[in-house]
Amino acid sequence: MAETYRKLDAGEIEALKARNCHAYEWDRILVKDPFDANRLYSVFFHGDCRIGRLDGSVTAEGGRVRRAGIYRATIDNVETGDNVLINQVNGYIANYAVGAGAIIQGVGVLEADPEATFGVGAELESVNEGGGRDMPVYPTLTAQVAHIMALHRYKPGVVDALRKMVEAEVAAAKAAKASVGECAIVRNVPHIKNVRIGAAARVIGAAYMENGTVLSEAEAPVLIGSGVVLKDFMVGEGSSITDGAILEHCFVGQGCKVGKQYSGENSLFFANSEAFHGEGCSIFGGPYTVTHHKATLMIAGLFSFYNAGSGSNQSNHMYKLGPIHQGVLERGSKTGSFSYMLWPCRLGPFSVVIGKHMDNFDIGDLPFSYVTAAGERSYVVPGMNMFTVGTVRDGAKWPARDRRKGSVKRDLIVFDVFSPYTVGRMIAGEEICGKLYEETPKEVEDVTVGGALVRRRLLRTGKKTYSTGIESYLLEKVFERAEKALEKAAGAADVQAAMKPSAGAVYDPDWVDISGLLAARSRMDGVEQAIGEGKLKSLDEVNAALKGVYDSYGADEWAWVCRTYGTRYGKTPDALGADELKDVADAWLKAKQKFVKAILADAEKEFSEVSRIGFGADGPPEAREADFQEVRGTYGKDKFVKQLQGELETIEKRAADFRAAMDKLG
Amino acid sequence: MVDSNVLERTRKVVADLLKLPEAKVTDDAHMVQELGMVSIQSVELIAALEEEFDIEIDQDEVADIFTVKEAAEWVEGVLGA
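Chains as they are written, first to last, in the numbering used here: chain A, 15 to 680; chain B, 43 to 123.
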């Protein structure tokens with residue numbers, strides 16, 4: 015059976031004409047064998063068309079099998095793979111390649127211009143609505159490259175070099191034909207123009223799509239659903255955009271969900287972000303940026319691992335020079351219901367904002383804080399969000415909810431809640447709180463830190479919380495390293511040797527969070543220097559270098575832990591003898607127990623008397639408790655609580671086992 | 043029986059923190075439901091008690107303190123430990 019295209023013979027042309035098909039130049043219509051004119055009906059051919067085999071079937075949603083063929087369609091310069099189903103095209107399909115097994119039904123116009131770039135190179139102004147952080151997007155853009163282009167404007171050579179690399183992507187897109195990928199389904203869409211649709215994507219009921227690329231693959235198909243309007247866009251594998259969402263100049267990465275009439279403009283949403291109901295304007299949504307509720311406006315800011323409460327809102331416009339202000343909410347931040355922030359503001363990692371804030375604060379060095387409002391002033395409670403159930407649950411849920419199921423996970427994500435990045439900030443916070451507490455007279459109620467107020471007495475609490483967190487992290491890292499080394503050690507010296515930092519590790523006191531990628535600053539600087547100097551010549555090379563940074567996380571983290579532990583305790587881990595390591599195990603156990611008990615205490619609040627308000631509706635007083643237990647359960651039987659209680663037993667055993675094993679080594 | 047001095051000083055700490063007249067801060071009044079303490083003030087209460095009595099209190103050990111009396115008992119426990 016021939017796999018090449020051939021011209022139709024006279025008999026086949028007559029058969030097609032008898033089936034209401036028409037072409038101005040039959041010579042330009044090529045087909046593959048086996049050719050069966052009965053598989054075409056009422057087809058109007060224009061230009062050069064190549065029709066693949068039509069002797070099989072396609073599979074629609076739910077496994078429904080339909081006969082392949084082309085019916086009631088006008089096609090103009092169209093090439094089809096084998097066994098496609100195209101029918102009920104009200105307008106026409108022009109300049110498209112349709113992959114094998116694809117289904118196109120009930121569309122109006124599906125067209126592409128010869129010079130189309132499918133959204134590649136479209137400029138997008140994130141973070142600062144007033145401009146200056148504009149960047150060209152392309153389908154395989156990562157959170158890290160976007161972060162550098164948008165935020166590292168103080169390195170113009172690097173940004174320029176990246177821009178040049180993107181030009182190659184634009185040229186490649188221009189050279190490519192518009193396509194509907196293999197086994198994709200495009201149904202009931204009035205108009206699609208200059209859009210590449212990847213394999214296995216389902217574009218069903220969208221209202222309008224123009225100038226974009228939908229990356230999709232069988233393992234991670236994309237869904238574009240009803241009423242969706244997309245202009246100048248990119249959508250990554252495994253994402254869904256549904257229910258009337260409107261996105262213009264937007265990048266949606268892998269495993270994202272956008273829907274329920276969300277509207278976005280000039281915004282980026284990286285891996286596993288979710289956006290429903292609200293509005294996003296010039297936002298850089300790093301991985302796991304989540305906004306679910308109505309009346310939530312996210313504007314002109316950098317976010318990641320973020321959760322927006324209903325009605326969260328920010329302002330970037332003071333009606334002076336325009337919408338030029340921006341905000342930075344570092345990873346793990348949350349904004350409570352109807353919280354408001356007046357940009358510019360910068361919030362440290364894993365902090366929570368509650369209330370209306372008119373202060374422009376910069377409290378990046380007070381991580382894990384609560385920021386509340388009293389009157390016109392913002393109050394910070396340093397470290398208050400560290401030992402909370404919410405933070406622990408967040409840390410566990412993010413990696414478990416990674417929806418990226420495709421062949422590649424593009425954004426580089428380090429999920430650790432406690433890392434040199436956050437603990438480094440805690441060390442800074444510890445120093446700030448300690449110093450201010452010492453220096454502030456007792457009569458003073460509030461002190462100012464980074465533009466916000468802190469109750470003087472809470473400086474002491476903050477310092478203590480940070481100290482506990484820092485020590486808990488360092489002890490855990492050292493203990494776990496020793497515990498692991500012990501598995502293969504023949505003697506105590508082997509354990510000690512394993513405590514040295516590895517040869518290629520980079521130590522830097524400063525760490526950065528490149529929208530999900532935690533790295534020693536100097537290691538990131540090295541990559542950016544290589545970009546700026548032209549040593550990295552393509553986006554593939556840049557991505558490989560960034561992957562190298564990601565792969566070095568463990569080694570660099572350990573180098574940081576060693577140095578920081580040495581500074582804090584006077585001895586680096588590789589200088590600790592067997593007895594000292596046993597002391598580390600004991601200290602770790604104590605710190606860990608304290609940590610877990612603090613979380614349990616926080617969890618217990620969820621079962622307090624106050625939590626019972628509203629329970630037992632319409633019943634006698636005793637119904638309140640019964641109703642509460644029926645709905646919420648009891649503290650003792652709660653799954654999360656039991657898990658933590660189990661952990662208390664486990665850590666005790668681990669510490670005891672470690673001691674025993676060390677004793678055995680002698 | 044809580045030491046009256048500890049109880050008195052604890053009451054004063056609570057009254058100062060909540061900006062209430064001391065007379066209103068009775069030993070058995072629920073600090074959240076009756077005196078209007080919010081969660082952030084409960085953290086500050088711990089800090090204030092630490093300062094007043096020069097003690098160290100772990101956050102994980104104070105979940106069940108709702109009244110002045112309970113707070114005073116708790117302080118007494120720490121002082122006696």
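Simulated from the structure, these hints should not be mistaken for laboratory data. A few of these clues could be false.
Said to hold, decoys possible - Cut-off 27 Å, straight-line C-alpha distance, at most; resulting in silico cross-link-like pairs (DSSO-like, lysine-lysine): (1) B:Lys111 <-> A:Lys611; (2) B:Lys111 <-> A:Lys653; (3) A:Lys456 <-> B:Lys111; (4) A:Lys619 <-> B:Lys54; (5) B:Lys111 <-> A:Lys334.
Within 27 Å, alpha carbon to alpha carbon, are B:Lys111 and A:Lys334? violated (55 Å)
Checking one constraint from the list: CA of A:Lys619 to CA of B:Lys54, max 27 Å. Satisfied? Holds. A:Lys619 to B:Lys54 sits at ~25 Å (cutoff 27 Å).
Next pair to validate is A:Lys456 with B:Lys111; report whether the Cα-Cα distance is within 27 Å. holds (25 Å)
Between the alpha carbons of B:Lys111 and A:Lys611, is the straight-line distance 27 Å or under? OK: B:Lys111 and A:Lys611 at ~24 Å, within 27 Å.
Take the C-alpha atoms of B:Lys111 and A:Lys653, compute the straight-line distance between them, and say whether it is at most 27 Å. violated (33 Å)
In this structure, the earlier hints numbered 2, 5 are contradicted, and the remaining ones agree with it.
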